[in-house]
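Protein chains in written order, with numbering that gives the first Met the number 0: chain A, 0 to 105; chain B, 0 to 258.
No lab work stands behind these hints, which were simulated from the structure alone.
Among the hints, erroneous ones may be present.
Across the chosen pairs, the derived CB separations fall in these ranges [unchecked claim]:
no., chain 1, residue 1, chain 2, residue 2, range
1, B, Gly36, A, Gly16, 29 to 39 angstroms
2, A, Met0, B, Asp163, 40 to 50 angstroms
3, B, Asn9, A, Met0, 23 to 33 angstroms
4, B, Ser184, A, Asn12, 29 to 39 angstroms
As the structure is a prediction and not an experimental result, all values here were calculated from the model.
Cβ atoms here follow ideal geometry from the backbone N, Cα and C, with glycine treated the same way.
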Amino acid sequence: MDYKDALTKKIYNLISGKWGVPEFEKEYYRYFLEQVPEGSLTLPQSTFYGLVQEKLDWTAESPNEQEKKDGWFNYPEYIEWLKINAQLFQENEEGWYKNHIRRFKN
Amino acid sequence: MNYAQARYQNPSLGRFISQDQAFLSVGDNNQIKQITGHELQQYLSDPQNLNSYSYVKNNPLIVIDRNGKWIAYLLGEKNAVALGNWANGNAVAQYATAHPVISVGAITIGAGAIAVGGVYAAGGSIACGNLCPAAASIIDSIGNYFSSQTDKAAKALNNTSFRDLQVVPSAHQKLDALSQKFGFSANDILSQASKSAQKFVDNANNGNINTWIPRPDGGQGLIRVTTNPEMNRIISAGLNTIENVKNGIVNGRFTPLKQ
């Protein structure tokens, strides 16, 4: 089973507009947590696809101002965040990961 | 207080009063290996190790702690796992495992040959030759008492319980979703998270504080409850894979909150 491929397809269903965020959450969140076995992805892949899942816990249709300060996304913001990161990740998985951990290493 | 060589254990709280050395050594693979005999990744792969105050991974039935530093399995690790599997089908053992009774006394389960129990056997023992049903109610009441004590401990440690904190509306929705998924109330989840002494700073997200607890259904992953850095608001809740938490600790995204 190519879990990376399955997860990527789901992401592109959201980015392309085929799915909305609620449908993406339904299809992606549980699949990543419960169907993808530990060790089946590389470290950068596990981190990236895990972050996509985790960010869904910080996404709501209309977060209030305080929640936005706390780090919450609305749906368009989540899609935008995902578009940027998916592109960077697709271009260079290792580079994306190094950049990701540099944020809190320094 | 019970003196356990490297630290003290408070019998009324049912746990140690300071963090274990292994956990404080996270990031130093050599020291971790010296204390636990395990590589860092292996050490972190067990979510019970994320609670650095707990006594014997909250499983005094099959695990002991002789020096306050690291645990030993009473019957050897393989046998302990087998015993754990056996205990899964055993109401008394399940109850005792869910409600640590280390400050009350040893529990003896089985017919003579299998004796399991905690080191801090201060107040006598419950003997249960053939899984006597009466023991379940005794353990139930003991468990309830010590659960409340553990709640108090969490309050004392953090000055507040998660149940008393404001939950932002969007986090409330996520908690409700978790409640529906696992059949527990949001308050139950927050209460469990309060009891988890170990909290982690999320260095990728404003220094928010994460607490993870095992999924009640035993499924893959951990429930995460997140507060703001001041720990006066619940700002998110959800699930993480153990792999992501483990990697986050290793790469420095999550660092233990010094309390």
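Status of the hints after comparison with the structure:
1. Between B:Gly36 and A:Gly16 the Cβ separation comes to about 53 angstroms, which falls outside the hinted range of 29 to 39 angstroms.
2. A hinted range of 40 to 50 angstroms for the beta carbons of A:Met0 and B:Asp163 is consistent with their spacing of about 45 angstroms.
3. Checking the proposed 23 to 33 angstroms range against B:Asn9 and A:Met0 shows it is violated: the Cβ atoms sit about 48 angstroms from each other.
4. Between B:Ser184 and A:Asn12 the beta carbon distance is about 34 angstroms. The supplied range of 29 to 39 angstroms therefore holds.
The structure does not agree with the numbered hints 1, 3 stated previously, though it agrees with the rest.
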